[in-house]
Amino acid sequence: MIDPIELEVIAGALRAACQEMGAVLIRSAHSPNIKERRDCSAALFDPAGEMVMQAEHIPVHLGSMPAAVAAVLGERHRPGQSWILNDPFAGGTHLPDITVITPVFMEDGTLLGFAVNRAHHADVGGASPGSMPAGSRSIQEEGVLIHPQPLSRESIERLVAAMRQPDQRRADLRAQLAANRTGAMRLLELARRIGLARLREGNAAVLDYAERRMAACIAELPDGTRHAQDVLEAGERDLELRLRATVQGDRLTLDFTGSAARDEGNLNCPLAVTRSACMFAVRVLTDPDIPASTGAFRPVRVIAPPGSLLSAQAGAAVAAGNVETSSRVADMVLAAFGRAQGQGTMNNLTLGNERFSYYETIGGGQGACPDADGPSGVHVAMSNTLNTPIEALERELPLRLTGYRMRRGSGGAGRHAGGEGVVREMQALAPMSFSLITERRRHRPAGAAGGKPGMAGVNLLLRAPGRDAANLGPKADGDLAPGDRLRIETPGGGGHGEP
Numbered sequence: 009m010i011d012p013i014e015l016e017v018i019a020g021a022l023r024a025a026c027q028e029m030g031a032v033l034i035r036s037a038h039s040p041n042i043k044e045r046r047d048c049s050a051a052l053f054d055p056a057g058e059m060v061m062q063a064e065h066i067p068v069h070l071g072s073m074p075a076a077v078a079a080v081l082g083e084r085h086r087p088g089q090s091w092i093l094n095d096p097f098a099g100g101t102h103l104p105d106i107t108v109i110t111p112v113f114m115e116d117g118t119l120l121g122f123a124v125n126r127a128h129h130a131d132v133g134g135a136s137p138g139s140m141p142a143g144s145r146s147i148q149e150e151g152v153l154i155h156p157q158p159l160s161r162e163s164i165e166r167l168v169a170a171m172r173q174p175d176q177r178r179a180d181l182r183a184q185l186a187a188n189r190t191g192a193m194r195l196l197e198l199a200r201r202i203g204l205a206r207l208r209e210g211n212a213a214v215l216d217y218a219e220r221r222m223a224a225c226i227a228e229l230p231d232g233t234r235h236a237q238d239v240l241e242a243g244e245r246d247l248e249l250r251l252r253a254t255v256q257g258d259r260l261t262l263d264f265t266g267s268a269a270r271d272e273g274n275l276n277c278p279l280a281v282t283r284s285a286c287m288f289a290v291r292v293l294t295d296p297d298i299p300a301s302t303g304a305f306r307p308v309r310v311i312a313p314p315g316s317l318l319s320a321q322a323g324a325a326v327a328a329g330n331v332e333t334s335s336r337v338a339d340m341v342l343a344a345f346g347r348a349q350g351q352g353t354m355n356n357l358t359l360g361n362e363r364f365s366y367y368e369t370i371g372g373g374q375g376a377c378p379d380a381d382g383p384s385g386v387h388v389a390m391s392n393t394l395n396t397p398i399e400a401l402e403r404e405l406p407l408r409l410t411g412y413r414m415r416r417g418s419g420g421a422g423r424h425a426g427g428e429g430v431v432r433e434m435q436a437l438a439p440m441s442f443s444l445i446t447e448r449r450r451h452r453p454a455g456a457a458g459g460k461p462g463m464a465g466v467n468l469l470l471r472a473p474g475r476d477a478a479n480l481g482p483k484a485d486g487d488l489a490p491g492d493r494l495r496i497e498t499p500g501g502g503g504h505g506e507p
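Every number in our numbering is 8 more than the matching position in the sequence shown, counting from 1.
Everything labelled a hint here was simulated from the structure, so no lab data went into it.
Heads up, the beta-carbon is just placed ideally off N, CA and C, and yes, glycines get one too.
Some hints here could point you the wrong way.
Label-pair restraints from in silico Cβ distances [to be verified]:
| hint | residue 1 | residue 2 | range |
| --- | --- | --- | --- |
| 1 | 491 | 377 | 49 to 59 Å |
| 2 | 89 | 346 | 42 to 52 Å |
| 3 | 472 | 321 | 15 to 25 Å |
| 4 | 24 | 378 | 29 to 39 Å |
| 5 | 9 | 201 | 40 to 50 Å |
| 6 | 11 | 295 | 19 to 29 Å |
| 7 | 9 | 507 | 24 to 34 Å |
| 8 | 118 | 410 | 50 to 60 Å |
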């Protein structure tokens, strides 16, 4: 029997190991997307494939990681053999997110668990530099599809040969391996210190404790069914999403039946990502201090019809589903329980040519709470990355930041105001292509309890002097000549309460 103090010590050791894995990955990586924006995540799993602990990294990565481990759980594991995948239909999210899974063994060959990390690579060989094409219609257009497979020197060389900037891709994959080695070392040290039997008992106790905490929080919510609906901006069309959220005792069911069918574009969302977005929102609504583990997921059931927009099947394009559809799923769960909406988009921007690939997401306004204003200029909900510092961006890439400021007045009014969006404008110093995958350009983030909506976002292409600015809409791609500028004005958050 694990007493509460020992449980907290074991949970703290596991959490610290995950955080150290993330630090190693960030400090070892080569691409700005990982080392500056920290678009990566780390977690530890038990031998049964249950996520025991994660670092507080990227919500959309972490909630979907259990499906990735499940994809290799039945394989024959041996010391020194890691696994790699990015297949969205085998536990991945979208193709730039590459997952590395490393089994951890005791000296006698006993499997302790798995060290796992996921990182967004700046390119994986898609139709356009950055591998986030705005107009992709099949998974083949989005890059190299990596089915679960052993990771070796030979497989790394084969994979990076099909991607842009292979030296950078190789360096980032090696950083992922180094991060997992760190996690494996810390897990092994813990097993030696407290004993294998005690570690296994501690893992089970952490999972059960998280389940009890989550169930208790859900039980405090009034029983009944709540409804929410929203849309995604697919070109000139809107795709409707529906949610039926039912609380019954200490269990919560989130049913998305009635949502749009498969998108002909890339807003399709794998079920693992839909579940991940739901769990993020449920943690926000309950208690974020509950250990973020598989145990916390147990009292929550997610339903999405197979083949629908929120349960994509093999072959569907998913580049935007991971980043934009996941954001809308989180919005809907929060809205069903009376919360104001944040910007509801990651404002994905990719730039590049054959010499470089660059990807970033851009912050905006968060929705206000019943007791506080929404924060401004933050990476809302499923993102949680940083911005790329201007100094790093201009030093490494042929770009110049010509504007970066708060978008004053963009937050919705209310007793508590929504957070402000930002204006980020950059100028090309060399010929390059761009791709924009954004949302909330036609539909404003809603307020709650009488609060006003935040302002919708705007994407502008500013050509050479003397030419009119072009409004690009929510999804766009094209080419930039030297001197051309892109200006992204991100949405503000909704307000809460009557102004």
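>> Hint compliance check: list the failing hint numbers for this structure, sorted ascending.
In response: Hints 1, 3, 5, 7 not satisfied by this model.
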